[in-house]
Amino acid sequence: MSETLVVGASTNPGRYSNTAIRRLVDNNIETTAFGIRGGTVSGVQIKDNLVDFQNIDTVTLYLSPKNQQEYYQSIVDLKPRRVIFNPGTENPEFYEILENAGIDVEVACTLVLLATGQY
1 MSETLVVGAS
11 TNPGRYSNTA
21 IRRLVDNNIE
31 TTAFGIRGGT
41 VSGVQIKDNL
51 VDFQNIDTVT
61 LYLSPKNQQE
71 YYQSIVDLKP
81 RRVIFNPGTE
91 NPEFYEILEN
101 AGIDVEVACT
111 LVLLATGQY
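Just so you know, we're using the numbering used here here: the sequence shown kicks off at 1 and counts up by one.
I should point out that these hints are in silico values taken from the structure, not numbers from a laboratory.
Ideal Cβ positions, reconstructed from N, Cα and C, are used throughout, including at glycine.
Be aware that a few hints might be false.
Here are the in silico distance ranges between beta carbons for each label pair [claimed, not checked]: (1) R15 <-> N49: 17 to 25 Å; (2) P13 <-> G102: 31 to 39 Å; (3) A108 <-> R22: 13 to 21 Å; (4) G14 <-> A101: 27 to 35 Å; (5) D48 <-> P13: 14 to 22 Å; (6) R22 <-> S74: 22 to 30 Å.
Produce the complete structure using the sequences and hints provided.
As structure tokens, then:
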């Protein structure tokens, strides 16, 4: 089964990353989460180390471009099939790095993709 990693996960219910975790789980999509603070959302443990993840199909980003930089290589090393750049995370520099590594870049909203059956 394909697994989605939410990067920039938060336990704050007002954050889009939190809503994404809940909606992914509600859609029976295997979900994992990475954030700077631990916690749990809809039974998904938020881990604070990217090396803890394997077999990731999709990374969905909820980090601003300046906060993505330190994770470029770690995300590439996960070898996901695609990375979704949600609104506010658009980053042409990272697009190029991912595309050069053979990873698909999708500039979209995970919540809209889920709501419209395009995920």
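Hint check:
A beta carbon spacing of about 20 Å between R15 and N49 agrees with the range 17 to 25 Å that was offered as a hint. Between P13 and G102 the beta carbon distance is about 36 Å. The supplied range of 31 to 39 Å therefore holds. Taken as a hint, the range 13 to 21 Å holds for the pair A108 and R22, whose Cβ atoms sit roughly 18 Å apart. A C-beta distance of roughly 33 Å is found between G14 and A101, which places it inside the suggested range of 27 to 35 Å.
Between D48 and P13 the Cβ separation comes to about 20 Å, which falls inside the hinted range of 14 to 22 Å. Remark: the range hint 22 to 30 Å for R22 to S74 is upheld by a beta-carbon distance near 25 Å.
Violated hints are absent here; each numbered hint is respected by the structure.
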